[in-house]
Amino acid sequence: MFASSRKESFSLQAMQIADACLVWSAFALASVLRWNVFGTESDGGGLGPIVWLLYMVVPFSPLLLELFGFYRNAERKKLSSAVFQICQAGGVMGAAVGAMVIIFQVDPSSRLVLGLGSVFSVVFIFLRFYWVRTIVRRRIANGAGRERVILAGTPKDIDDFLKEMPEGVTDYWEVVGRFDLDSDDPMELKDMIEKQSAERVIISPKNTQFEKVSQAVEFCDAQGLEVWVAANFIRAQVSRPAFDTLGGKPMLVLRSTPELSWSLLLKSLFDRCAASLIILLTSPLWVIAALGIKLTSSGPIFFKQARAGKYGESFKMWKFRTMVVDAEEKLAEVKETVGNQMQGPVFKVDNDPRVFPFARFLRKWSIDELPQLLNVLSGDMSLVGPRPLPVYEVKEFEKAEYRRRLSVKPGITCTWQAGGRNSITSFEEWVEMDLKYIDNWSLWLDFKILIMTIPAVLFGRGAK
Numbered sequence: 001m002f003a004s005s006r007k008e009s010f011s012l013q014a015m016q017i018a019d020a021c022l023v024w025s026a027f028a029l030a031s032v033l034r035w036n037v038f039g040t041e042s043d044g045g046g047l048g049p050i051v052w053l054l055y056m057v058v059p060f061s062p063l064l065l066e067l068f069g070f071y072r073n074a075e076r077k078k079l080s081s082a083v084f085q086i087c088q089a090g091g092v093m094g095a096a097v098g099a100m101v102i103i104f105q106v107d108p109s110s111r112l113v114l115g116l117g118s119v120f121s122v123v124f125i126f127l128r129f130y131w132v133r134t135i136v137r138r139r140i141a142n143g144a145g146r147e148r149v150i151l152a153g154t155p156k157d158i159d160d161f162l163k164e165m166p167e168g169v170t171d172y173w174e175v176v177g178r179f180d181l182d183s184d185d186p187m188e189l190k191d192m193i194e195k196q197s198a199e200r201v202i203i204s205p206k207n208t209q210f211e212k213v214s215q216a217v218e219f220c221d222a223q224g225l226e227v228w229v230a231a232n233f234i235r236a237q238v239s240r241p242a243f244d245t246l247g248g249k250p251m252l253v254l255r256s257t258p259e260l261s262w263s264l265l266l267k268s269l270f271d272r273c274a275a276s277l278i279i280l281l282t283s284p285l286w287v288i289a290a291l292g293i294k295l296t297s298s299g300p301i302f303f304k305q306a307r308a309g310k311y312g313e314s315f316k317m318w319k320f321r322t323m324v325v326d327a328e329e330k331l332a333e334v335k336e337t338v339g340n341q342m343q344g345p346v347f348k349v350d351n352d353p354r355v356f357p358f359a360r361f362l363r364k365w366s367i368d369e370l371p372q373l374l375n376v377l378s379g380d381m382s383l384v385g386p387r388p389l390p391v392y393e394v395k396e397f398e399k400a401e402y403r404r405r406l407s408v409k410p411g412i413t414c415t416w417q418a419g420g421r422n423s424i425t426s427f428e429e430w431v432e433m434d435l436k437y438i439d440n441w442s443l444w445l446d447f448k449i450l451i452m453t454i455p456a457v458l459f460g461r462g463a464k
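Under the UniProt record's numbering, the first residue of the sequence shown is numbered 1, with each subsequent residue one higher.
To be clear, the hints were calculated from the coordinates, so they are not data collected in a lab.
In this text, all values refer to a predicted model and were calculated from it rather than measured experimentally.
Just so you know, even glycine gets a beta-carbon here, dropped at the ideal spot from N, CA and C.
Do not take every clue at face value.
[To be verified] Subject to a maximum C-alpha distance of 25 angstroms in a straight line, what follows is the list of computed SDA-like cross-link-like pairs (lysine to any residue):
# : residue 1 : residue 2
1 : 436       : 347
2 : 316       : 268
3 : 348       : 326
4 : 310       : 253
5 : 77        : 171
[Said to hold, decoys possible] Computed spacing ranges between beta-carbons, pair by pair:
#  : residue 1 : residue 2 : range
6  : 52        : 196       : 48 to 58 angstroms
7  : 222       : 63        : 35 to 45 angstroms
8  : 302       : 436       : 30 to 40 angstroms
9  : 79        : 163       : 25 to 35 angstroms
10 : 399       : 11        : 39 to 49 angstroms
11 : 436       : 262       : 18 to 28 angstroms
12 : 302       : 447       : 28 to 38 angstroms
Whenever a hint applies, use it, and build me the whole structure from the sequences.
Next comes the structure, spelled out in C-alpha cells:
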C-alpha cells in the first residue's frame with residue numbers, strides 16, 4: 001500500500017489509538033483479575049494505586065511499536081516478525097516500568113497488575129494485528145479495497161518499475177491504464193483519468209523528458225489527483241528520497257544517512273546519560289590507568305590526536321597514552337620495519353614496538369579507550385558508530401565511497417569492534433561493515449552492538 005498517502009496515514013493513527021486503548025484495557029483486565037481472583041478482603045481494588053504510572057506508559061506504547069517498525073508494511077508482515085517487534089517494544093516498556101516501580105517504590109500488591117498487564121498488552125496488540133491483517137488480506141483477495149492506478153512513462157520504464165517493486169506491493173493496485181509519456185498525446189492522459197476514474201497516477205520518468213512529466217503532473221493536479229513520481233532517474237542505491245522546501249520551492253532530497261528524528265534525539269540523549277554513568281562506574285580504572293602510566297613511562301597521561309569526525313571535520317580524540325612520547329615520529333620507521341597488517345590506507349600492526357609494557361594491559365582490556373567517553377559528552381562522538389580515523393589516514397582514501405562512513409557521528413564501538421577488532425585485516429571489509437551499519441541504523445541495532453561489545457571487551461577478543 002501507499003505508506004505515506006493520506007488514507008494510510010489516517011489508518012496508522014487509528015491503529016495507534018486503538019493499540020493505546022488496548023494497552024489500557026489490558027491493565028484494567030489485569031486489575032480485575034488481581035483484586036477479584038487473587039485478592040483478599042483486605043485488599044483495595046481498581047487501578048488507583050498505579051493509574052499515574054499508566055498515564056505515563058500508555059501514550060508511549062504506540063511510539064515504541066512504531067520505533068521497532070511494527071506499523072510498517074503491516075499487511076505483508078510475517079506473524080513471527082510482528083510477534084518479535086511487539087515483544088521488543090514490550091521489553092523496553094517493561095524495563096521502564098520496572099525501573100519506575102523500584103524508584104517510586106510502588107506497592108507490592110500492584111506489581112502483579114503491572115506484570116499481568118504487560119503480558120495482556122502483548123497478547124491484545126497481537127490479536128488486533130492478526131484480525132486487521134486477516135480482514136485486509138481477504139478484501140484484497142476478493143478484489144475489494146484496491147486503488148485504481150494509472151502507470152505513466154515509457155513502456156520499458158513502466159516494466160522496469162514493476163519488476164523492482166517488492167513482492168506483494170502491487171496486490172493493492174488495480175492498474176486501469178498504462179500511458180506512454182513519450183509517444184502519446186498528453187491530453188489522452190486526461191481522458192484516461194476521467195474514463196477509468198483513476199485514484200492515483202504513478203510516473204516512472206527514468207527515460208522521459210521532464211517537460212512531459214511536468215505536463216502530466218499539471219493535468220493530475222488540475223483534477224485533484226494524487227501523483228507519485230518514482231525517483232529512479234537518479235542512480236542512488238542507498239539514498240532515502242524525501243521532499244522538502246527551500247525558499248518556498250519544492251526540493252527532492254536524497255539522504256544516504258538517517259534523517260533527524262526522535263530516534264536520533266534519543267540516541268544523543270542516551271549517549272550522554274550512559275557516558276556519564278560509565279565514567280562514574282569505571283572511575284577506579286581511570287585512577288589505575290593514570291598511576292600506571294605515570295609510574296612506568298615518562299610523558300603525559302592522556303594522548304590527544306586529530307581524528308576525522310562527522311563529514312570529516314577534525315576534532316581532538318582523547319585516549320590514555322599507550323605509546324612512547326615520540327610515537328608519531330617513529331611511525332614511518334615502524335611501517336618500514338614491521339609492515340602493515342591492514343590492507344588499505346589504515347595502519348594496524350600486532351605487537352607495535354612503540355607500545356610500552358603497562359600499556360599492553362590497558363589495550364588488552366580496552367581501558368585506554370575510556371577517555372573517549374569525554375568526547376561523547378562533548379558531542380564529538382557517539383557510543384556506537386564507525387571508528388574515527390586519524391585525519392592523515394582519511395586524506396589517503398582512494399575511493400569516494402570510503403568517505404560515506406564519515407556521514408554519521410563516529411563512535412567508541414561499532415560492528416568491527418564488537419566482532420573482534422584485529423581479526424579483520426581488510427579495510428574494504430571494515431568499510432563494508434560500517435556502511436551496512438549506516439544503511440540499517442536503528443536504536444535496536446545500537447543496543448545489539450553494545451551488548452556484543454561487552455564480551456569482546458571482557459575476554460579481550462582481538463585487542464592488541
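Checked hints:
A C-alpha spacing of about 22 angstroms is found between residue 436 and residue 347, which places the hinted pair at or below 25 angstroms, so the restraint holds. For the proposed pair residue 316 and residue 268, the alpha carbon gap of about 19 angstroms is at most 25 angstroms, so the pair holds. With a CA separation close to 18 angstroms, the supplied pair residue 348 and residue 326 stays within the 25 angstroms bound. Restraint check for residue 310 and residue 253: the C-alpha separation of about 19 angstroms stays at or below 25 angstroms, so the hint holds.
Of the supplied pair hints, the one linking residue 77 and residue 171 holds, its CA atoms being roughly 14 angstroms apart against a limit of 25 angstroms. The hint said 48 to 58 angstroms for the Cβ distance between residue 52 and residue 196, and at roughly 56 angstroms that hint holds. Take residue 222 and residue 63: their Cβ atoms lie about 39 angstroms apart, and the range 35 to 45 angstroms holds. The hinted range of 30 to 40 angstroms is satisfied by residue 302 and residue 436, whose Cβ atoms lie roughly 33 angstroms apart.
The supplied range of 25 to 35 angstroms is met by residue 79 and residue 163, whose beta-carbon atoms lie about 28 angstroms from each other. Against the hinted window of 39 to 49 angstroms, the Cβ-Cβ separation of residue 399 and residue 11 comes to about 44 angstroms, which satisfies the hint. About 23 angstroms separates the C-beta atoms of residue 436 and residue 262, a value consistent with the hinted range of 18 to 28 angstroms. Hint check: residue 302 to residue 447, Cβ distance near 30 angstroms, so the stated range 28 to 38 angstroms holds.
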